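Enquirer: Model the full structure from these sequences, guided by the hints.
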Amino acid sequence: MGTRIVYTRDLFKFFGDVVALDGLNLEVPKGICGFIGPNGAGKTTTINILLGLLKPDSGEAYVFGLDCWRNSYEIKRRVGVLHESPSYPRNFSAQRFLKYVSQIYGIENSEKRVFEMLKLVGLYDVRDRAIKGFSAGMLQRLGLAQALIGEPELVILDEPTANLDPFARIMFLDKVKEFYKDYGVNFLISTHILPELEKVCSWVSIIMNGVIVDQGFFQDLVSKYSANVYTVETSDPKLLARELEKTDFIKNVWIEGGKIHCKISDLDQFHRNLPAIASKIKVSIRNLQPQCSTLEEIYREVVRNEK
Amino acid sequence: MKSKRKIKNLLLWEFEENFHFPILETLTFIAILFLIGFVSESMIYYEISGLIADTAVDNYVGLSLSGYTLISMFFTGFLFARSIAGKFSNGEMKTILSYPVRRIDLILSKFFANFIVLYLLFSSILVFDAVLTGFSVFSPLVGFTLLSFLVILLFLCSISMVISLFIKNEALSFFGFLLLIYGLEYYVFSKEPYSTYFSISQGSINIAAYLLKSYYSGKVSLFSYITFRMFLLSLLFQISVTIVLMLISFVYFVYFLEVD
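Chains A and B are the protein sequences, given in the same order.
Using this note's numbering, read the first sequence as starting at 1 and increasing by one per residue.
Using this note's numbering, read the second sequence as starting at 1001 and increasing by one per residue.
These are calculated hints, taken from the structure and not from any lab test.
Given the structure is predicted, the values throughout are model-derived calculations rather than measurements.
Some clues are possibly wrong.
Unchecked claim - Computed Cβ-Cβ distance ranges for the label pairs, DEER-style:
#1 A136(A) <-> F1138(B): 49 to 59 Å
#2 R1103(B) <-> D165(A): 32 to 42 Å
#3 V303(A) <-> I1243(B): 47 to 57 Å
#4 G1183(B) <-> S135(A): 44 to 54 Å
#5 E74(A) <-> G1183(B): 37 to 47 Å
#6 G1183(B) <-> S93(A): 36 to 46 Å
#7 L66(A) <-> F1138(B): 17 to 27 Å
Stated by the list, open to error - Over the 12 Å line for every Cβ pair with chain B, so calculated as not near, a few chain A residues:
#8 F12
#9 K30
#10 E74
#11 P166
#12 G216
Beta carbons: idealized from backbone N, C-alpha and C, even for Gly.
Expert: Here it is as structure tokens:
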């Protein structure tokens, strides 16, 4: 793993009786990283702790090796953030708002930087319009501009594509990729929309009930979760599933969405014997593939294991 | 130096927000209405006596100062609820706190931006009122009135800020502030003899009137009922409460506030 830019150890956070973080051990390397988990898993709480907005009850949290609560000012100089459902001064124009933000970041030629950002996110033509007249997509692009204006080393995006239509989502994530490639900006993206995330991220951390249940490079996770779970598409799933249950190289078989899912104990035997079993009972095999080849499938598998 | 520049930026941001909101139009409209009322009353005195008499001074300090103090309570509560509590409830505070700003700079800029707007507005109305009544802008009467209003406004702002910070809800902060202030006024006036130094409207009169009385040292017969004790207690009460509440607000905002 490359240099860790975000690191937490045994992080706990309580809101009254509710355990928001239950010993979170998060690691984020350089690059574009996904931070995924169900609603209420603790993603936003973690982000708020990383920005020094919340104080952890116990444990450690570091960004760029700096303590998140004690050195939040220094961290925020190097980090840009787009919060979930963000709010900006409604009566300001986009240009005016970004000018104030750039001045806060201490950008020397703030006017030039504001224009650059407005052009980059496609808001240049509406720069004088009051923010209250912006659509959800425009607000999200303004959010990206304000997160990037301070020339950050890391940008944290909390549900950045939640209010966007599919086309705008793709555009948004393309911008993210562009920033990583062209400017070397690292991203930590918390989202529910996994198919799009998997196209851009190299690292994934999965959180459930305030705990990191798994994390690693995307390709490593694919290998890990594909190693013993396969999906079989066949002409008669019930019949084949019954036959497979009788074998000793398969731990578990279940049918979901008209497909057979098998948890395999001996992969060699499975590949050797499956065609023979199928031909014996006269069913055809249409497709055979590792179950977890996408981020969504990995996520489902992790959630299933946790449950 | 950088910190000073950031405070300046934050102050400008806050001023611009205040000036974008139609609060100023609202304030000016209401202030003009009250001004017309007070001026017409003053003019009656002027016409009867034919000169600027003690009655006019009494009227200015007793009615204008206390009247505008009462109106300013309403707007102080409104402005702070909007710029602090409202920013918590709509999420803007989280956005601003995610930028590299020191919390102390942010809270100071919010406090002083609101205070300056309110003071400039109400003090200009007080000066305007004085001029229309026939007093010079540079008269001790206007000076002491503005000084007294400055103390009372700081007091009101500090109460409003602490309420907004702890309640974090715009409407609740506003009504909570009004309830507290008008409750205090009601409590003070229900006392027999009432403790005027705890009253916001009477406290400001005590300060301005006693200073005026001392300045003319017996040359005028006005405000003979206001003693040094009343003046001192009014001043001490307002200043000490202001300092304590501001310290509570700053310490809470800088060291303990968590934004979720």
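Enquirer: With reference to the structure, classify each hint as holding or not holding.
Expert: Hints, verified against the model:
1. Separated by about 56 Å at the C-beta atoms, A136(A) and F1138(B) satisfy the suggested range of 49 to 59 Å.
2. Here the CB-CB span from R1103(B) to D165(A) is close to 38 Å, well matched to the stated 32 to 42 Å.
3. Checked against the given bound of 47 to 57 Å, the beta carbons of V303(A) and I1243(B), roughly 55 Å apart, stay inside it.
4. G1183(B) and S135(A) have their C-beta atoms about 45 Å apart, which keeps the hinted 44 to 54 Å range intact.
5. Evaluation of the 37 to 47 Å hint for E74(A) and G1183(B) yields a pass: the beta carbon distance comes to about 45 Å.
6. A C-beta distance of roughly 42 Å is found between G1183(B) and S93(A), which places it inside the suggested range of 36 to 46 Å.
7. The given range of 17 to 27 Å is broken by L66(A) and F1138(B), whose C-beta atoms sit roughly 55 Å from each other.
8. No beta-carbon of chain B is positioned within 12 Å of the beta-carbon of F12(A); the least distance is around 14 Å.
9. Here K30(A) stays apart from chain B, with its beta-carbon at least about 21 Å from theirs, past the 12 Å limit.
10. With a minimum CB-CB distance of about 8 Å to chain B, E74(A) fails to clear the 12 Å threshold, and the non-interface call is violated.
11. For P166(A), the non-interface assignment is confirmed: its Cβ lies about 26 Å from the closest Cβ of chain B, beyond the 12 Å cut-off.
12. Against chain B, the non-interface label of G216(A) holds: every CB pair exceeds 12 Å, the least being about 28 Å.
Of the numbered hints stated above, those contradicted by the structure are hints 7 and 10, listed in ascending order.
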